[in-house]
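Student: Listed below are the residues making up each chain.
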Amino acid sequence: MSSSPPPSSAAASPSCPKKMIALRSSDGETFEIEEAAALQSKTLENMIDEDCAGTPIPLPNVTGKILAKVVEFCSKHAEPGVDDESLRAWDAEFVNVEQATVFDYILAANFLEIPTLLNLTCNVVADMIRGKTPDEIRKFFNIKSIFSPEEEEEVRRENHWAFE
Amino acid sequence: MASFKSIIQDVKDEIGNISRKGFDHVKFGYGLRSRSHRVVQDSSVVVDALKQSCWASMPPELLRDVLMRIEKSESTWPPRKNVVACAGVCRNWREIMKEIVKTPEVSGKLTFPISLKQPGPRDSLLQCYIKRNRSNQTYYLYLSLDQALNEDGKFLLAARKLRRPTCTDYIISLNPDDMSKGSSTYIGKLRSNFLGTKFTAFDAQPPSAGSRVMKSRSTRLVNFKQVSPKVPAGNYPAVHISYELNVLGSRGPRRMQCVLDAIPASSIEPGGVAPTQTEFMSSTLDTFPSFSFFRSKSTRVENLESGRPMSAPKDGMLVLKNKSPRWHEQLQCWCLNFHGRVTVASVKNFQLVASPEQGVAGTEHENVILQFGKVGKDVFTMDYQYPISAFQSFAICLSSFDTRIACE
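Chains A and B, in that order, are what the protein sequence lines are. Sequential numbering of the first sequence, starting at 1, is according to the numbering used here. Sequential numbering of the second sequence, starting at 165, is according to the numbering used here.
In case anyone wonders, no lab produced these hints; they're calculated from the structure. If you're wondering where the values come from, they're calculated on a predicted model, not measured in any experiment. Using N, Cα and C, we set each Cβ at its ideal position, and we do this for glycine too. Please note that a few of the clues may not be correct.
As the list claims (entries may be wrong) - Simulated pairs of lysine-lysine, DSS-like, Cα-Cα distance not exceeding 25 Å:
{"hint": "1", "chain 1": "A", "residue 1": "K42", "chain 2": "A", "residue 2": "K19"}
{"hint": "2", "chain 1": "B", "residue 1": "K273", "chain 2": "A", "residue 2": "K132"}
{"hint": "3", "chain 1": "B", "residue 1": "K318", "chain 2": "A", "residue 2": "K132"}
{"hint": "4", "chain 1": "A", "residue 1": "K42", "chain 2": "A", "residue 2": "K69"}
{"hint": "5", "chain 1": "B", "residue 1": "K362", "chain 2": "B", "residue 2": "K318"}
{"hint": "6", "chain 1": "A", "residue 1": "K42", "chain 2": "A", "residue 2": "K18"}
{"hint": "7", "chain 1": "B", "residue 1": "K266", "chain 2": "A", "residue 2": "K132"}
{"hint": "8", "chain 1": "B", "residue 1": "K362", "chain 2": "B", "residue 2": "K325"}
{"hint": "9", "chain 1": "B", "residue 1": "K318", "chain 2": "B", "residue 2": "K236"}
{"hint": "10", "chain 1": "B", "residue 1": "K236", "chain 2": "A", "residue 2": "K132"}
{"hint": "11", "chain 1": "A", "residue 1": "K42", "chain 2": "A", "residue 2": "K76"}
Stated by the list, open to error - Cβ pair distances, simulated, as ranges:
{"hint": "12", "chain 1": "B", "residue 1": "K345", "chain 2": "A", "residue 2": "G131", "range": "52 to 62 Å"}
{"hint": "13", "chain 1": "A", "residue 1": "I146", "chain 2": "B", "residue 2": "F358", "range": "46 to 56 Å"}
{"hint": "14", "chain 1": "B", "residue 1": "G346", "chain 2": "A", "residue 2": "K42", "range": "52 to 62 Å"}
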């Protein structure tokens, strides 16, 4: 039903230098990723080992928009000869996105088990939290606090003392 | 015929327009994020109109990962306030953060106010200092933030002196601007006798407040119900301090003894444990909060095995005595090795060590549990470690200010 890209020919042809893996997002988009890049994801690594070559690997938890970026991330991190400083700068740009997108990256990194991306995005979230009062954190993440009056009192006392 | 792919592309563009509007809200720092770009696979488009914060539904293991990063990176003050802030966001965050944070005994760090009621680190002295403000009769306890003896610290406790007809009280509070006994920041007090020779430190809550025995070694306590009845904010004796002249009278260093009511003498033996309060009890509660986090694994297991309630140590209370200074013939003075933490000679200076068990002959313990001494006109260092808490240490040091024994 979908017009899939040409099947990856790398498996059979010894002259093709790079093996490509096909991924399908939850919304039906297909992406190609080099195997070396795909191996950044433990989830994909397991699937590749189980020899799902030939058919696109369905990823029902990741939309096309996010999967495109994840592929970009993994490809960059599989690139040879990139020095640490450039990679760090590239990473910083990569996560310089809206809060909601960072959240999507985290979920994707978690689902796909990509330690580098998970580490990067969790650090971004931690940075969003640092320096904020509980109230500011709640507003920022739109979280409702449902404390009992006693717990509220305790929280207030703790924070008054901590911010003293 | 238009390929399915291009249909999908059109739909996505349309949805992209909708979700872009949604993102404008996010730029203002908080956001209701519409999930409008989720598309299901059977080619019909479902727009999720639930305006719910995605963060509220963050998988618990990821939230925990983030909170652990914060706890680890904010290991010193002032940044450690971020750990406290996280514990004040909502029940979920609080539960996770309280579980991640270890007691001072284990981590060597003070995090929440309750840390001040818990035993200090086991293998090192926690360095603090006290500033005296003579004009308002108030003493301020701070955690030292660096090795230098400059006055850059995290505020811990304040004590205000109240002279009464027959005794003197020091009210101890978490908030230097609110020193009243009725306040929720009231921690306890130190009361002296008329002569200023004997003191009792009172805890506003009982020694085993909030501490519970757990069934297993897992450190996560899920549901907690206090068995004992409601506890009023009261006066629970915590330390008994007495001062005496030594045989040389006022020419020699005074003798100090501290009896810690709630800490067993066995606490300093190998494998020993000391009670650990886990939370402040609100005296207005009829029932207790449903979350309590008991961190001291060793205490928990020990007490489960012995079946002994923690509030009544049956093997004798811990007794601390001041270490005997040595007479320095050349310098013609009494000397104690304060390892650089005390720089001004004063009769107030002391080091407390555990007293040998009564009836058992033996040399003085070497391990200094509390050390106090002058470094400036109104500045004194206070270093303490397991098994006593910052509160108990502060109270003992205050008595050294107040006692009339052997004053120059």
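Student: CA of K318 (chain B) to CA of K132 (chain A), is that 25 Å or under?
Tutor: holds (18 Å)
Student: Do the alpha carbons of K318 (chain B) and K236 (chain B) lie within 25 Å of each other, as the hint requires?
Tutor: holds (18 Å)
Student: For the pair supplied as a hint, K42 (chain A) and K18 (chain A), is the alpha-carbon distance within the 25 Å limit?
Tutor: holds (19 Å)
Student: Please work out if K266 (chain B) and K132 (chain A) have their alpha carbons no farther apart than 25 Å.
Tutor: holds (22 Å)
Student: Is it true that I146 (chain A) and F358 (chain B) lie within 46 to 56 Å of each other by Cβ?
Tutor: Holds - the Cβ-Cβ distance for I146 (chain A) and F358 (chain B), about 51 Å, lies within 46 to 56 Å.
Student: Does the hinted range 52 to 62 Å hold for K345 (chain B) and G131 (chain A) at CB?
Tutor: Cβ of K345 (chain B) to Cβ of G131 (chain A): about 35 Å, so the range 52 to 62 Å is violated.
Student: Compare the distance between the alpha carbons of K362 (chain B) and K325 (chain B) with 25 Å, and conclude whether the hinted pair is satisfied.
Tutor: holds (16 Å)
Student: Does K19 (chain A) sit within 25 Å of K42 (chain A), going by the straight-line distance between their CA atoms?
Tutor: holds (17 Å)
Student: Check the hint pairing K42 (chain A) with K76 (chain A) against an upper bound of 25 Å on the C-alpha distance.
Tutor: Holds, because 17 Å separates the two Cα atoms, which is no more than 25 Å.
Student: Holds or violated: K273 (chain B) with K132 (chain A), Cα cutoff 25 Å?
Tutor: holds (21 Å)
Student: For K42 (chain A) and K69 (chain A), compute the direct alpha-carbon distance and say whether it is at most 25 Å.
Tutor: It holds: about 17 Å lies between the C-alpha atoms, which stays within 25 Å.
Student: Between the beta carbons of G346 (chain B) and K42 (chain A), is the distance compatible with 52 to 62 Å?
Tutor: holds (57 Å)
In the structure shown, a violation is registered for the earlier hints numbered 5, 12, in ascending order.
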